[in-house]
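Q: Respectively, the protein sequence lines represent chains A and B.
Note that our numbering gives residue 37 to position 37 of the first sequence, counting from 1, and the numbers run on in steps of one.
Position in the second sequence (from 1) plus 1000 gives the number in our numbering.
I should point out that these hints are in silico values taken from the structure, not numbers from a laboratory.
From a predicted model like this one, the values you see are computed outputs, not experimental measurements.
Treat each hint with caution, since some may be false.
Per the computed footprint, the stretches of chain A lying under chain B, defined by three or more beta-carbons under 8 Å from a beta-carbon of chain B, are [said to hold, decoys possible]:
| no. | segment |
| --- | --- |
| 1 | 41 to 54 |
| 2 | 61 to 71 |
| 3 | 99 to 106 |
| 4 | 133 to 143 |
Glycine residues also receive a C-beta, built at the ideal position from the N, C-alpha and C atoms.
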Amino acid sequence: MSELWFYILAGMTVAAATGVVMLPNPVHSALSLVATLFLVAIHYASLDAHLVAALQIIVYAGAIMVLFLFVIMLLNLQTDPDESPMNATAAIAAGAALAIAAVLGRVFYAFGTSGAGAELPEGFGTTKALARVLFREHTVAFELTSLLLLVAVVGAVVLAQRDKHDARVEPVEPVEPVETEGQG
Amino acid sequence: MMEPLATPAHYLVLSAIIFCIGALGMVVRRNLIVMFMSVELMLNAANLAFIALANRLGNMDGQTIVFFVMTVAAAEAAIGLAVILALFRNKPTVQADEIGLLKW
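Next up, chain B with everything else stripped away, as it sits in the complex:
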């Protein structure tokens, strides 16, 4: 067993910080693809929290959950980017505030 560089609590704090950076990107940016990358950032923060707690509790379930989250993230990326491509074909922009067709 490798000695962790720090206690799992340190990694949990790091995951909280990364999650908030991702949430900030979701709110501040208007580019759909960058917003999408912010979602990936938040998913990674959640994964890091799972791994840290798996290490702390000595339980492999946390690592199994991360496996499933990665699968869902891959599916989400494939679908989301296909949606962006379909949107771009109808209206050549990726700025979220210029796509307001359903707003009146």
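Pulled out of the complex, with its shape left as it was, chain A reads as follows:
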């Protein structure tokens, strides 16, 4: 009975992921991606990863998707008539993707069923358990993550600002008369 629920949720996930790739309007793709992220969060929760499921919704479906929709609407993207997903290249690519999915799925299934599964320890997947691993064994990596985010913030600001030379012409001008006054 519970397997039936898995197949329903998995089918919805695959349908939403296909929507991301196939829908011609980028806004529809983004909304389809939000649905995919929520469904993946449900899969996380059913695998006892409760904190990661909550983070998935807050970080991905919240922050990252808002950024995507913001950029799509800022650039005012319309549905592109040239973007027809149904041509020869797309058909070949879809066939190749299907073949790779079949092979990868078979290998993963064999990998997932080999040997006996471990008994889950008490409190597996809770915030406490994740924090214990994160701050005892991966402290350096955690601190480096803050450096990565700092670099990303600075990089995003530098990349997204207007052309430096255009932006700085106006503030520089009032400085010049001061220099000539000093010389005079």
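Keeping the supplied structure of chain A fixed, place chain B upon it in accordance with the hints.
A: Showing chain B alone in chain A's frame:
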């Protein structure tokens, strides 16, 4: 402990399928933002595989890795969208095949 809906192997197969859909989107689509969303799809597929194997092995390291992958994905989204904005300012298009300035 909640009983998983299916065995971790089922979730691994699902992650393989989602990954291939993301890779397909990367190849077929020409819109930079949709290609970017396909990358997010592939990252999520990898995360799902990590979570499934963490559950199977009873080891929290898999969930910790997902935490780091999410951080990298957030940084990647911020930088990537800033790059798309900077590109759009120079040439008002987001079609990957129209941006070939370095090609001769």
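Q: Taking a Cβ-to-Cβ distance below 8 Å as contact, does the segment 41 to 54 of chain A have at least three residues touching chain B?
A: holds (count 9)
Q: With a C-beta cutoff of 8 Å, work out whether three or more residues of the segment 99 to 106 of chain A approach chain B closely enough for the coverage to hold.
A: Per the Cβ count (4), the hint holds.
Q: Under 8 Å between beta-carbons, do enough residues of the segment 61 to 71 of chain A, three at least, approach chain B for the coverage claim to hold?
A: holds (count 5)
Q: Count the residues of the segment 133 to 143 of chain A with a beta-carbon closer than 8 Å to any beta-carbon of chain B: does the count reach three?
A: holds (count 5)
When held up to the earlier numbered hints, the structure conflicts with none and fits them all.
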